[in-house]
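Novice: This is what each chain is made of:
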Amino acid sequence: MTAITETHRPNLPKGTSTASRAHRLAERGVDTKLLMLLPAIVFALVLFVYPFSYGIGLTFQPLPEIQDKFGGGIFANYVAFFKDPFIFDSVWITMRLALPVALFNVIVSIPIAFKLRHKFRGKRFMSTLLVLPITLGTVLTAQGLLIFAGRQGWLNRFLMETGIISSPLPLVNNYLGVVFSLVISGFPFAYLLISSYLSGIDPSLEAAAKTLGANWKQRFTKVTLPLLAPGLATTFILTFVLAFSVFPSARLVGDPLGGTRVMALMAYRSFAEQINYSMASTIAIMMGVVELIVIAIVLLGRSFLYKGSTGGKG
Amino acid sequence: MSLTASAFDTLELKDVGRSFGGREALADLNLTIRAGEFIALLGPSGCGKSTALNCLAGLLPLTHGEILIDGKRIDVLPSEKRDFGMVFQNYALFPHLSVAKNVAFGLEVRGVAKAEIKRRVSEAIALVKLEEHAKKLPGQLSGGQQQRVAIARAVVLEPRIVLMDEPLSNLDAKLRLDMRTEIRRLHQSLGLTTVYVTHDQEEALSLADRLVVLREGRVQQIGTPTELHNNPANWHVADFMGYRNLLDMELTEVSGSEARVSGHGLSLAATLAQPAKPGDTVRMAMRPHDLNVVNDHTVTTGRNVFTATVGVVEYQGREFAVEVTTSTGQRLFVHAETAPRVGEEVTLVLDPARALVYQQNLDAGVSEEEREHQELAEVGS
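From first to last, the protein sequence lines are chains A and B.
Going letter by letter, the first sequence gives residues 1 to 314 in full-length UniProt numbering.
Going letter by letter, the second sequence gives residues 1 to 381 in full-length UniProt numbering.
Hints may be right or wrong, so weigh each one.
Claimed, not checked - The following residues of chain B were derived to be distant from chain A, with all beta-carbon distances above 12 Å:
1. Ala113
2. Leu205
3. Lys277
Stated by the list, open to error - With the C-beta cut set under 10 Å, the calculated list includes, among others, these residues of chain A facing chain B:
4. Ala40
5. Leu205
6. Pro226
7. Ser303
8. Leu305
What the hints assert, rightly or not - Result set (BS3-like, lysine-lysine): computed pairs, CA atoms no more than 25 Å apart in a straight line:
9. B:Lys135 with A:Lys307
10. B:Lys101 with B:Lys129
11. A:Lys222 with B:Lys72
12. B:Lys136 with A:Lys307
13. B:Lys135 with B:Lys101
14. B:Lys81 with A:Lys222
15. B:Lys72 with B:Lys101
16. A:Lys222 with B:Lys277
17. B:Lys129 with A:Lys217
18. B:Lys101 with A:Lys307
19. A:Lys222 with B:Lys14
20. B:Lys81 with A:Lys115
21. B:Lys118 with B:Lys129
22. B:Lys174 with A:Lys222
23. B:Lys114 with A:Lys119
24. B:Lys136 with B:Lys114
25. A:Lys217 with B:Lys114
26. B:Lys118 with A:Lys217
27. B:Lys101 with A:Lys217
For the record, the hints were derived by calculation from the structure and aren't laboratory data.
The beta carbon of each residue, even a glycine, is placed where N, CA and C say it ideally should be.
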């Protein structure tokens, strides 16, 4: 075989493949199967890349009154974003909601995912119950919260009639209401993700730590947590983004003019009430920027963690 | 070598049993292990050997019985307080920790002083010859190296007992032989009491001081490698010990331990290994090595000589494993010094002393009481 190749292609340098061009390309992943990507690429271009670039373009076309008020030429919208406290404060207001909710969802999911890792009676029922809220829309959740926890809701009426409290607890139409709603919709995601990360950790590692004399606290902090941490970071990012872009519940069960005046609401206000598309786009872009900053910080932290296999074989 | 084994005299398992949802995975395990002994738990998969080991390690609570060390109950202690080292089948190394950190893990959780941890870890790593790999993560090591880390991690704690759960089953054949020698060497140099679970009879015979053969959660036989190899207690143990030929025959004559059996067109002299009476259907167990192909055609008379047709010939280095078919179509595994031709008719000779006759019913073997007597006698010796 080799003798024939050598006589037929005497000029080729050593190590040059004699396979056909198509074959060599296919080895690098270039073949007709790539055509299957076409629908996705078209979809992304039409529905994401174009509108997104258009939105960025919009931000540099500020309305004349914004330019007059804040100056800055084509950057007037961005100047306004940082200079107008009514707008800029919404960054902090959104953070104040999204960060604790994302942290809560992740931290509470850990012990529950741990508990539900083992087999026991009613496990399926429990996990169904935990995941069910995913199927509820945010509006349905908000409606439910209003009926259950509102001033005239079942909870307050029950507590008042049993004499535990004298005036209704303010559980909705404020910061707390949005937190409840975000936990209800975000927790199932966090729980599902974390339990799948947890099931990827070989149980024999914990058994090994046990036989080496580690108590449950040491097993958790020295074995399970370091292996779970990258997954926790990813879960945190996802639930954070979910909570950061909160819109319907901030309006329905929140205090849209005060404590839950989140960025999405501000963008909506510019768009629908002030008919200021370019400012609305600016706020939307800045929302993305803030999210990216948080994600970048978390990913930076995550890069210091061990991210390899979590099976027993190392 | 300053690594040593912690001292104790005996570890006793009394009527140890474990059920999973009403199914007995392990029942009535009685065993006394002396310090420094190497015990192998042997059996096919699902026989309860791993259950026994996990019970011993405290990873599974017992449903019956107790485990005692020098008369003190330890089955009530949680796993982390038992002071046993365990080597897992899949090694169970912490993938996020370096080799040195893996080995140091047990010492760190015990709060041993830094300097001492360093000294003992480097000693344990030297013991398994992994000095150059101390800073690597387990994922960067080969299977055999990972296994050595797992062993170092267990012995660095100077445990009272080292438990090994099929530690070599994931290694290739050559490495398995090397590691087998390594484990035996470690056992001899450190005097570690070891309980070793395996399904490989060869591994068990070569490593252990005593073997425990299990079937369906019950002990079939406890004894030294030679005892098990030469005198299996029932046909199941025999089957496991390499008696590949099991023939159901009729017992025609019995005198003392000598017997004559017939069936499959053969009438052979054999040895009774379990009590049976003439007329019983019995199971005869023979090793391929005790059924020899003879080239010398003069020995065609005499006892236990018969002919068969060669089916398959396997070269095993120096000798040949041959599958033959008798005139009635019964297949037998036999041994030959020179290669016979396929299809050729050969003469076989069977040593009557090595043809063991067992009862067909496994549970009719050694009674519970007898087993206990045997156990007591061993402890006394």
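Novice: Quick check for students: does the CB of B:Ala113 sit more than 12 Å from each CB in chain A?
Specialist: holds (16 Å)
Novice: For B:Lys101 and A:Lys217, compute the direct alpha-carbon distance and say whether it is at most 25 Å.
Specialist: holds (18 Å)
Novice: Mind checking the alpha carbons of B:Lys129 and A:Lys217 for me, to see if they're no more than 25 Å apart?
Specialist: Violated: B:Lys129 and A:Lys217 sit about 32 Å apart, past 25 Å.
Novice: Hey, A:Lys222 versus B:Lys72, does the alpha-carbon distance stay inside 25 Å?
Specialist: Since the Cα atoms of A:Lys222 and B:Lys72 sit roughly 31 Å apart, the hinted pair is violated (cutoff 25 Å).
Novice: Run the distance test for B:Lys81 versus A:Lys115: straight-line Cα separation, threshold 25 Å.
Specialist: holds (23 Å)
Novice: Hint A:Leu205 vs chain B: min CB-CB distance below 10 Å?
Specialist: holds (5 Å)
Novice: Given a cut of 10 Å on the nearest C-beta pair, is the interface hint for A:Ala40 held or broken against chain B?
Specialist: violated (34 Å)
Novice: Are the Cα positions of B:Lys101 and B:Lys129 separated by 25 Å at most?
Specialist: holds (16 Å)
Novice: Going straight from one Cα to the other, do B:Lys136 and A:Lys307 come out at no more than 25 Å?
Specialist: With Cα atoms ~15 Å apart, B:Lys136 and A:Lys307 stay inside 25 Å; holds.
Novice: Is B:Lys174 within 25 Å of A:Lys222, Cα to Cα?
Specialist: violated (35 Å)
Novice: Given the hinted pair A:Lys222 and B:Lys277, is their Cα-Cα distance within 25 Å?
Specialist: violated (64 Å)
Novice: Next pair to validate is B:Lys72 with B:Lys101; report whether the Cα-Cα distance is within 25 Å.
Specialist: violated (33 Å)
Figure legend: structure checked against the earlier numbered hints; hints not met, in rising order: 4, 7, 11, 15, 16, 17, 19, 22 and 23.
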